Amino acid sequence: MSPDAVGNGALIPFSGETNDSLAVYPLHHGLARPISRVALSWSRGNSLRVSLFAEPSGSFDTGDGAKVIEVKLGGGDPEIDDADWRRIAYGSVAPFALLQSRRNSLSALSKSSYHLDWWEHVLQYSKDISSLLTGPKLAPNPIIEDPNEIVTKNEEPTCLKAAWELMEIFYVDKQSQAWLPEKLVDWLADYDSLFTSTQETIHGKLVDFQNDLVNIQVIEDDPRYWEVMSSALSVGWLDIVVKMLRLHGSYQIDQLSKRELENGLVEAVAVLISKMPRLRPESAAGNLGECFKSKPDFTKAWEKWRSQITKLDCSPYWIQCDNQQTREGLRNMLQVMLGNTENLCTASCYWIELYVSHFLYIRPFTTGIESMYNLAQKCIQLKTPTGTHRLTGLMIGILAENTEVVIAEISREFGPWMVAHAVELLTSGSEEAEILLHDERYNLGGISMVELHRLAYAQVLSSHALTWQIAPIYLTSCMKQGMGLLENLLYRQSVQHNNLLLKNIEICRLYELDHISSNIMKVAGVYHWKHGRKGAGVFWLQQSQDTNCLDRIAQQLFDSVGKSISDESFKQWEGLIELLGSESKPAGGLEFLHKYRDFKKSLQMVYSGKSTDAARQAVGSLILLMKNPSTPQRFWLPLLFDSLKLLNWKDSPLLSVSETNLLLNKLQELSLARQRPHFTEPNLPPQALSSIRLALATNLGRAILDE
Amino acid sequence: MAATANSETSQIHRFHQYKYVDAVRWLPVLSAFNRFAVLATSDFDSNLSFIEIHSFKPNPLSFDFQSSWTSPSPISSLKASQFLQNSIIAATTSSGSLHFLFADSTDATLQSEVSVPENELHSVSETCIDLMDGGVECVTVGDDGKVNLVTVGNSNLNYRRLFDSGGLVSYTAVKWASPVEFATGGYGFGLHWWDQRKPGGPVSQFKGNWDKNLNSGIVHSIDIHPSRKHTCLAGGSLGTVLAWDLRWQQQPIILSGTGAGDGAGNSAVQSISESEVWEVQYDRCIKSNTSSTRILPAMICSEDGILGVIEQGEEPIELLAEPCAINSFDIDQHNPLDVICSLEWESVAILTRQ
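Going down the list, the sequences are from chains B and E.
Each residue of the first sequence is one higher than the one before, counting from 65 in my numbering.
Each residue of the second sequence is one higher than the one before, counting from 28 in my numbering.
Bound conformation, chain B alone (with noise of 0.2 Å):
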């Protein structure tokens, strides 16, 4: 594909073979003149940068001349957005470094990769991940409950949510598995609300049924009243049932009297629903139903619960309720809960919840995926879907026990974190799925379809400067192309901001990555070198120990060093002087700096007192200094100079007959050097080379009389 620019100002990829997956967004540049030439490029995140350049012309009032342009990919998540999506990018850090550290001890101890308890490890990872994937709060609720206030919301659910415990449910709740239908039956009450968006829902009818509730003047008369509740019967929200029916009008006071039949039928339904046995540990708190553990104690309760409905169902006050809808209405929900196929079609909307009232209501005792699977496509036959849901494809993924289906709709509703994470799930249990995705691929590189993932989900963080810091987890995590991208990674950040470039050394520090820190350290010393924060320069190259690079820039500093003794810029020295820190460390051609310093320092002595020890001091690191190779030539004149006093000294030479030697031997030295091309001239009063070499030859002669 290549961009194409037209004159109407609109970029058309095109394919070249086919036209059928031509795609064409116009883009708003509001360039006056055609477009000559097209850059493209990557910004933050999924943006692309497009850089539109006009053709030339003459005149200048035409207009802009180029135009850059931000171009959002994809849609993103309606659910989420990015700032959401980098929430729960931090939040699952922690979670995910912790299942990595434990696979790791776990394989340490033992050779094979399946542990039998590992699942519970993936658990809590699970738990931990979905505890984030929590939409917004709403509001709390009122201290007043509003006695006709049927559903009630905590939270605005998420398919993000819901995919995520669909699949916590099928492939890492070992301990649940014997209930898994019960656990469907939950997963259903707390997201059947999603499902509103593509089709009618059972929750759709309940909330707009609420709303009408205050316009309903009596509410068995409404058939709706009965429909809802055998729906909402159907798909086992039980609580809301009873608190429905208790809303029938033969419960009013001033009704009591007329209705006392009508309202005991009304009632025994009510205790009847409020007392199904369910096949599962406990419910939430407050919760109806009677909840069974084991099968046998199950399966007498649940006999029991159906006797006493058949013999409700055939009681002879039926005939006497004389108010037709109650009748018709409550036999109607004996029928559900009797788990009459027809009733419960009826009753349900759509197939996940008539799949979720046969388990309630015909097969309880429904275990094993394969059987399940049979019922779900029973199900999709008898309520034949009229549209697709991000949720129902990986459903059936997850039913027909396919984990390339999995994987591939949950890549492509949920996105690269989705996938990333979610594989721990898939392989928590099934040594099959472990092998699939841990598998070396040669299609992919030589990389299981593990770190494929991850890789791309760490592209993702890379990509956003608030989330690069977390993309190393990840990277790391991968065996075989992870460190290459993690020492792109780091390399590619910027050096500019002071704490940006030590979280940058901190990451690299973590996993042990010296050479890319030191190189960091060194880019970081150019960088600020050049932009004349000179003492922040020699930091970092000094931290980076690149003595190199010191001796190079140490030539250009030079030329700014205060060139006599006299020169109060030398003050501003100090602090770059303490940077350097004890000679110990590599300062390059800077340690002349140290010496130069110390060399000062006491020839001020010398000026503000007439001690010979100050003097004689002085002299040392006089010679130090001229023997220090370090010592760029060009200040062996000038410092000499500044010593002309020592030189002279008057109680007594101060320098031996080898030590004027050496002296004498550099400014031979120098008058060679002046020969040369390069050579700067210091900038000295005219007569400095002859007094220099005189009071050297006064020293000498002096020196040697002492001697």
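It cannot be assumed that every hint is accurate.
As the list claims (entries may be wrong) - Which stretches of chain E does chain B cover? Using the computed rule of at least three CB atoms under 8 Å from a CB of chain B, they are:
id, segment
1, 209-215
2, 349-359
3, 366-379
Rather than coming from a laboratory, the hints here were simulated on the basis of the structure.
Nothing here was measured: the structure is a model prediction, and the numbers come from that model.
No residue lacks a Cβ here, since even glycine has one placed at the ideal position from N, Cα and C.
We have chain B already, so just place chain E on it with the hints.
Coordinates of chain E only, in the frame set by chain B:
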């Protein structure tokens, strides 16, 4: 190992901000009922930076947005203080401008703003400021090596340059010691002492032969206790926290740090962190009745996610251990049990100690 504070002794509340939090401060206010925090935030999606005021209520818990001011570029340094009936917020930006915001002391509404444009005080560089307690004097330093003094009035401000190192020395931290003295920190754990009465450069430089055993680093934060103006507390790279007593210049007291090596007297130093100590403040909450020769307890926050208290010769106490960096914190002046900190992962945490 550092001792971890019992969760019963403190309550931690986290508030996700959905944008990067550059710095946090408590706003000193007169009202006893309202608590306000100042946040410097950057929204990377819209490329806008703000100074925001949030009101904090512990019961029922809330951290509500009050008002905000849009900054021309991200905030690099933020300080808050009180001046007469106003709360005053001073901030420097990454483009080198300096801004003063005045907020009402009772309801914290932002009332007015005065500023110095970029390139007047500092060229584009990283800067640090300190606002004098209860005063209107502000000192700004930058890694361009400039030291400025800014005096702010109600609608005007005056500023003058105290020093310019020409980039030979970069400054990364500053703190007032008295109305005429302040301390600066920089690269190589360099600390300088300044006196406005003696212009032309720092009056004293922190030096000594100890650096042979200490890996070099950068000072990120300085604090000076009003009752002990001769001691300068500094925190920086490699988990280093040190106290520099002007009276014993050659011997810094190392309170924490991995770079400390096994130098004489420092062998017993425990390190609370191994990475950058981003901020250090004397912990006003602990009433230490130890002798005056000991350094007062100090609180730090670090790149490796530690918020803790260190005391000379004691085991450090961890108040918070986060999976991400804690970039700044502030202890409430009026209620020193409350600490607010900004976390790398776009959130703010408020810690209430019992």
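We went through each hint and held it up to the structure:
1. Counting residues of the segment 209-215 of chain E whose C-beta sits closer than 8 Å to any C-beta of chain B gives 3, which meets the bar of three, so the coverage hint holds.
2. Coverage of the segment 349-359 of chain E by chain B holds [criterion: at least 3 residues with CB-CB distance below 8 Å; count 4].
3. Check result for the segment 366-379 of chain E against chain B: holds, 3 residues qualifying (beta carbon to beta carbon below 8 Å, three or more required).
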